[in-house]
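Undergrad: Residue-level listing of the chains:
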Amino acid sequence: AQSVAQPEDQVNVAEGNPLTVKCTYSVSGNPYLFWYVQYPNRGLQFLLKYITGDNLVKGSYGFEAEFNKSQTSFHLKKPSALVSDSALYFCAVRVLGGSYIPTFGRGTSLIVHP
Amino acid sequence: KAGVTQTPRYLIKTRGQQVTLSCSPISGHRSVSWYQQTPGQGLQFLFEYFSETQRNKGNFPGRFSGRQFSNSRSEMNVSTLELGDSALYLCASSPTDGDEQFFGPGTRLTVL
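Here the protein sequences come in this chain order: A and B. Mind the numbering: the first sequence is residues 1 to 114 in my numbering, read in order. Mind the numbering: the second sequence is residues 1 to 112 in my numbering, read in order.
There's no promise every hint is true.
[As the list claims (entries may be wrong)] In silico lysine to aspartate or glutamate, EDC-like type, Cα no more than 20 angstroms apart, as pairs: (1) A:Lys22 <-> A:Glu66; (2) A:Lys77 <-> A:Glu66; (3) A:Lys49 <-> B:Glu75; (4) A:Lys49 <-> A:Asp85; (5) B:Lys13 <-> B:Asp99; (6) A:Lys58 <-> B:Glu75.
[Claimed, not checked] With beta-carbon atoms standing in for the labels, derived distance ranges: (7) B:Pro95 <-> A:Lys58: 46 to 56 angstroms; (8) B:Glu82 <-> A:Gln71: 25 to 35 angstroms; (9) A:Ser70 <-> B:Thr38: 28 to 38 angstroms; (10) A:Gly29 <-> B:Phe60: 17 to 27 angstroms; (11) B:Ser70 <-> A:Gly62: 16 to 26 angstroms; (12) A:Ser26 <-> B:Arg55: 21 to 31 angstroms; (13) B:Gly3 <-> A:Glu64: 35 to 45 angstroms; (14) B:Gly3 <-> A:Ser70: 34 to 44 angstroms; (15) B:Thr80 <-> A:Ser70: 46 to 56 angstroms.
Honestly, the hints are just simulated from the structure, not real lab data. All C-beta atoms in this analysis are idealised placements derived from N, C-alpha and C, irrespective of residue type, glycine included.
So that you can see chain A by itself, here it is in the shape it has in the complex:
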């Protein structure tokens, strides 16, 4: 069975500092990996995805993520955090072919302090 782990329920960072939100996964086959962000009382918004190619993926709002196959990780990063980045972040994995069910992590609350 596939799974996604976001080991930190909450990440606190000061505005202007770099941020990292961690994600590890377990799948059989080649993963498609996604990051989504959820602002209060709203649905999830797509940030970025990894399907194949370069391990460093750039996405919306200055976010990027690095796919590490050996460590089965897909950590979300941003060089300089903004207060407006404060939200709930979800990592997700999909494996195409066969029985496919998307699996989401439990979410990490990012709090950026002014």
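Once you have looked at the hints, place chain B on chain A.
TA: What follows is chain B alone, placed relative to chain A:
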């Protein structure tokens, strides 16, 4: 393009009742998925429809069902509501298999 829309946005029901939630995907998107979001369980996959066929189903009881119409609009139904069904129900659409999903704002269901 208009985004994914879900109706109603808020719903209050009592135990034992049934409820139907509606989702209109982005124009041209053929895949529609439903999720249940709760603080304790996170985001749980309910089912996915593609061209009116249920392609995958998550680990939920048979009280949860859905369907997709020829215009890709989708409905999900929950019968015999239980207190534990209180949650935010999210609908997401995508143009093809493997693509990122576009989520609606959700329907907040409260079961009393």
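Undergrad: Given the hint of 34 to 44 angstroms, check if Gly3 of chain B and Ser70 of chain A actually sit that far apart at their C-beta atoms.
TA: 38 angstroms, holds
Undergrad: With the threshold set at 20 angstroms, check whether the alpha-carbon distance from Lys77 of chain A to Glu66 of chain A stays at or below it.
TA: Holds: Lys77 of chain A and Glu66 of chain A sit about 8 angstroms apart, inside 20 angstroms.
Undergrad: Could you check the hint for me, namely that Ser70 of chain A and Thr38 of chain B are 28 to 38 angstroms apart, CB to CB?
TA: 34 angstroms, holds
Undergrad: Can you let me know if the beta-carbon spacing of Glu82 of chain B and Gln71 of chain A is within 25 to 35 angstroms?
TA: 40 angstroms, violated
Undergrad: Next pair to validate is Lys58 of chain A with Glu75 of chain B; report whether the Cα-Cα distance is within 20 angstroms.
TA: 34 angstroms, violated
Undergrad: Range first: 16 to 26 angstroms. Now tell me if the beta carbons of Ser70 of chain B and Gly62 of chain A are that far apart.
TA: 41 angstroms, violated
Undergrad: Given the range 21 to 31 angstroms, decide if the beta-carbon distance of Ser26 of chain A to Arg55 of chain B lies inside it.
TA: Cβ of Ser26 of chain A to Cβ of Arg55 of chain B: about 23 angstroms, so the range 21 to 31 angstroms holds.
Undergrad: For the pair we were handed, Lys49 of chain A and Glu75 of chain B, check the Cα-Cα distance against 20 angstroms.
TA: 28 angstroms, violated
Undergrad: Take the C-beta atom of Gly3 of chain B and the C-beta atom of Glu64 of chain A, compute their distance, and say whether it sits inside 35 to 45 angstroms.
TA: At roughly 25 angstroms between Cβ atoms, Glu64 of chain A and Gly3 of chain B fall outside 35 to 45 angstroms, so the hint is violated.
Undergrad: Holds or violated: the 46 to 56 angstroms window for the beta-carbon distance between Thr80 of chain B and Ser70 of chain A?
TA: With Cβ atoms ~48 angstroms apart, the hint holds.
Undergrad: Is 17 to 27 angstroms right for how far apart the beta carbons of Gly29 of chain A and Phe60 of chain B are?
TA: 24 angstroms, holds
Undergrad: Verify the proposed pairing of Lys13 of chain B with Asp99 of chain B, using a straight-line Cα cut of 20 angstroms.
TA: At roughly 35 angstroms apart (the allowed maximum being 20 angstroms), Asp99 of chain B and Lys13 of chain B break the hint.
The earlier numbered hints that this structure contradicts are 3, 5, 6, 7, 8, 11 and 13.
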